[in-house]
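Sequence lines, in order, name chains A and B.
Quick note on the numbering used here: the first sequence kicks off at 1 and runs consecutively.
Quick note on the numbering used here: the second sequence kicks off at 1 and runs consecutively.
Don't read these hints as lab results, they were simulated from the structure.
One thing to keep in mind: the hints can contain errors.
[What the hints assert, rightly or not] Under 10 Å between C-beta atoms, here's a sample of chain B residues computed to sit facing chain A:
1. S43
2. Y135
3. A136
4. S138
Glycine included, C-beta positions come from ideal geometry on N, C-alpha and C.
Residue-level listing of the chains:
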Amino acid sequence: MSGAFRLVGGRVYDPANGVDGEVRDVCVDGGRIVASVPDGAPVVAVRGMVVMPGGVDIHCHIAGPKVGLARRLEPERRRRDVERRRVIPGADGPSVLRSGTGGTVPSTFTTGRRYAGLGYTTAFEAAVPAMGARQAHQELNDTPVIDKGFYLLLGNDDFLLRLLGAGEAGAVPDYVARMLSAARAYAVKVVNPGGVAAWKRGRTVAGLDEPVAAGGVTPRRIVEAIAGAVDALGLPHPMHIHCNNLGVPGNVATTLATMRALEGRRGHFTHIQFHSYGRTADERPTSAARRIIEYVNAHPELSLDVGQVMFGAATAMTADAGVAQRLHELTGHRWVDVDVELESGCGIVPFEYRERNYVHALQWAIGLELFLLAADPWRVVLSTDHPNGGSFLSYPRLIRLLMDRAFRDEQLRRVNPAAIAGTALADGLAREYTLSEIAIVTRAAPARLLGLERKGHLGPGADADIAVYRPDADIEAMFAAPRYVFKEGMPVVEDGEPRAEPWGRTLHVALAHDGAIEARLARFRAERGTLAPDDYRIDADELRRGEGVAARST
Amino acid sequence: MGAVVLRLRAAPAVPLEAPCIRPDHFAALSEAEIARLPVWHGSEARALGDFFDVRGGHADDVRVKGELSRVKHLGAEMAGGRLVIEGDAGPHAGAGMAGGTLRIEGDAAAWAGAEMRGGVLEVRGRVRAYAGGAYAGSRWGMAGGLLLVHGDAGDFLGVRMRRGTIAVAGCAGECAGAEMIAGSILVFGDVGRRPGFGLKRGSIVVHGAVEPPPTYRYACTYRPPHLALYLRELARRGLPIEERFLGGAYRRYNGDFAELPRGEILAWTT
Ligand SMILES: [Zn+2]
Chain A
1 MSGAFRLVGG
11 RVYDPANGVD
21 GEVRDVCVDG
31 GRIVASVPDG
41 APVVAVRGMV
51 VMPGGVDIHC
61 HIAGPKVGLA
71 RRLEPERRRR
81 DVERRRVIPG
91 ADGPSVLRSG
101 TGGTVPSTFT
111 TGRRYAGLGY
121 TTAFEAAVPA
131 MGARQAHQEL
141 NDTPVIDKGF
151 YLLLGNDDFL
161 LRLLGAGEAG
171 AVPDYVARML
181 SAARAYAVKV
191 VNPGGVAAWK
201 RGRTVAGLDE
211 PVAAGGVTPR
221 RIVEAIAGAV
231 DALGLPHPMH
241 IHCNNLGVPG
251 NVATTLATMR
261 ALEGRRGHFT
271 HIQFHSYGRT
281 ADERPTSAAR
291 RIIEYVNAHP
301 ELSLDVGQVM
311 FGAATAMTAD
321 AGVAQRLHEL
331 TGHRWVDVDV
341 ELESGCGIVP
351 FEYRERNYVH
361 ALQWAIGLEL
371 FLLAADPWRV
381 VLSTDHPNGG
391 SFLSYPRLIR
401 LLMDRAFRDE
411 QLRRVNPAAI
421 AGTALADGLA
431 REYTLSEIAI
441 VTRAAPARLL
451 GLERKGHLGP
461 GADADIAVYR
471 PDADIEAMFA
481 APRYVFKEGM
491 PVVEDGEPRA
501 EPWGRTLHVA
511 LAHDGAIEAR
521 LARFRAERGT
531 LAPDDYRIDA
541 DELRRGEGVA
551 ARST
Chain B
1 MGAVVLRLRA
11 APAVPLEAPC
21 IRPDHFAALS
31 EAEIARLPVW
41 HGSEARALGD
51 FFDVRGGHAD
61 DVRVKGELSR
71 VKHLGAEMAG
81 GRLVIEGDAG
91 PHAGAGMAGG
101 TLRIEGDAAA
111 WAGAEMRGGV
121 LEVRGRVRAY
131 AGGAYAGSRW
141 GMAGGLLLVH
151 GDAGDFLGVR
161 MRRGTIAVAG
171 CAGECAGAEM
181 IAGSILVFGD
191 VGRRPGFGLK
201 RGSIVVHGAV
211 EPPPTYRYAC
221 TYRPPHLALY
231 LRELARRGLP
241 IEERFLGGAY
251 RRYNGDFAEL
261 PRGEILAWTT
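Produce the complete structure using the sequences and hints provided.
What follows is the structure, encoded as structure tokens:
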């Protein structure tokens with residue numbers, strides 16, 4: 001919380017409120033944006049600077065058991081990227097900024113600090129099994145500055161698959177509500193629907209209509225049931241789906257079929273770049289970005305985040321354990337594979353994207369095609385699927401790739417030319433994102449898609465999460481070191497350096513459910529699991545600063 | 001241009017991290033600038049001059065005196081110049097060094113010369129575990145240069161070594177040369193269990209007792225002519241090598257057949 005003040009003279013980019021670079025003041029009081037403050041209120045002069053709402057990351061991996069495992073798997077990347085403990089003098093006494101490590105999978109403190117250091121003030125961990133909810137919350141509790149939450153993995157949940165197999169799809173909404181409530185999660189995540197459960201039994205799933213479990217359960221039925229449950233419950237965020245066949249040449253057919261299967265229901269298709277591949281006769285991947293983005297352009301109920309690949313270090317980290325197995329076999333690099341009993345899988349492989357590699361360059365180009373061919377930026381969110389396509393620290397560079405064609409062309413000349421040949425980039429996509437469009441894809445759109453009414457805009461009542469950037473011809477430098485970042489009105493970053501590290505909120509959905517499913521679930525887990533469902537129910541006091549977000553009325 | 005002399009006033013209560021002690025950097029710094037270099041005393045940021053008396057500047061010839069067994073990273077990453085530690089050195093001395101010479105007159109704690117890429121690290125006493133080795137997660141350990149040890153070596157000597165030479169006048173502990181990728185390790189005393197475990201290429205030459213792992217195969221007994229030259233060079237550099245080792249035959253074991261069996265253990269036989 002903070003006292004009243006006025007940001008004066010900045011060029012404000014607040015697309016949710018139709019403000020496009022106009023010079024105007026932004027007033028803050030009590031941690032929120034207000035219409036005005038008294039004339040004597042303190043002033044922060046930001047004349048000539050760019051003022052935006054704080055960034056919102058709709059899809060990243062920053063907390064939970066798999067993130068902890070990835071940290072342990074990559075000591076060599078963290079050893080050379082150490083943040084020391086710091087003591088910062090302040091008006092209310094010194095604040096201690098804890099030490100931490102970086103690399104592609106930073107420690108909790110470094111994660112919060114570095115997001116804030118880019119002007120991001122909200123981030124969602126995109127894949128946590130119910131069994132990992134407690135660890136995820138503990139780590140989110142320990143991640144400073146940003147507001148956060150996580151999505152619960154349900155697309156391979158054994159109990160849910162059995163409900164479908166037994167012809168009890170009608171019970172799915174109650175089960176979803178029960179699981180989200182118990183885990184204090186924010187949204188439902190579906191990863192390779194049914195495919196992970198099948199992979200755990202030694203099978204791979206190629207199509208939407210292949211049976212994956214007893215009773216004729218197919219990926220299509222899982223997707224329909226969960227999307228239907230999310231709608232019925234009025235969840236603030238639509239079903240967040242990672243389609244089947246991630247990374248497989250020709251997977252565009254599965255991705256489009258999944259989009260069609262929603263039949264007009266809302267759906268957020270995550271890291272769509274990894275699902276936008278055509279195929280040559282000899283099984284090489286090609287770009288199918290145009291087919292995907294044209295379909296999405298024409299279907300306003302669909303949204304996506306790109307999952308851009310950035311050259312350099314990355315960590316493949318996924319509930320789609322079969323994908324991790326393939327990457328391990330491809331690279332020969334060490335990996336971790338974990339079975340999350342009855343719920344999910346998990347695989348982790350350290351990775352490196354290289355400019356001269358055909359596949360990597362193709363993936364990079366497809367991501368850019370998707371951005372540059374998108375008709376509606378409100379449904380195309382910037383992400384790297386951190387750390388899968390690259391670290392969130394590469395967002396400023398990605399923003400420059402979108403805003404600065406000369407820079408993009410220079411990069412294009414360095415990457416594998418065969419990979420670029422079949423993409424729209426070869427035809428010379430001239431589009432350059434405007435600052436307003438960047439404000440949409442990095443804050444306004446993700447906040448809207450998440451149903452976060454106080455995020456992603458600077459209208460009265462919004463959280464005073466504000467990023468102020470100094471204009472620079474080098475867009476990457478501009479977005480890498482904000483002049484100021486405010487979190488709920490408190491200055492947390494100045495000139496890219498941390499100034500304070502308050503605790504952000506953990507956002508979760510607040511749902512009513514009738515509990516009829518409870519006894520069945522307890523019986524099922526007692527027969528088949530090692531933990532009873534109540535063992536991993538999260539109590540309100542386990543969240544340092546929890547905030548329930550109500551469902552939309554349906 | 002004289003030498004820079006650092007004298008540690010008293011042994012620190014908790015370990016002192018001083019990777020700033022690098023002769024190649026001192027060449028461009030005045031006495032006062034050297035004294036202001038950052039060190040970490042536990043979790044506290046301090047200056048080198050808070051702990052050391054500094055004499056001299058603008059020289060890449062450096063001597064460090066005092067009870068240094070709790071001073072970490074002495075000469076780590078150094079790329080040139082000459083650094084002499086007049087006594088024992090704390091962990092990570094010469095780790096990652098790329099050039100120059102580092103001479104430790106006493107013993108060196110763990111990780112001496114770990115992941116070094118070049119230069120010469122000479123330890124007159126003994127070295128602890130992981131000398132010339134690899135840090136957790138690293139694909140490679142020592143990748144170049146020469147590590148000379150007059151005393152004994154601890155476990156995991158030269159683990160995951162990729163290039164360069166390690167010579168130990170005394171004995172070596174367990175798992176010497178484990179997971180080696182290439183390079184040479186010469187030991188003039190005994191080696192502990194599992195030498196060359198998981199080795200792909202490279203040579204482990206042992207003059208005392210050695211038992212190759214079961215995944216090695218005896219190949220032949222022969223007199224490799226290059227080894228005599230090697231040994232003479234090491235002796236010329238001051239390593240105390242017994243005269244009897246300068247000739248003689250070696251039993252050659254190929255391995256490790258659990259990996260890429262392009263390496264060898266050579267066991268001296270008189
Ligand atoms: Zn992801």
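Status of the hints after comparison with the structure:
{"no.": "1", "hint": "S43", "in the structure": "5 Å, holds"}
{"no.": "2", "hint": "Y135", "in the structure": "6 Å, holds"}
{"no.": "3", "hint": "A136", "in the structure": "5 Å, holds"}
{"no.": "4", "hint": "S138", "in the structure": "5 Å, holds"}
Violation of the numbered hints given earlier is absent; every hint is satisfied by the structure.
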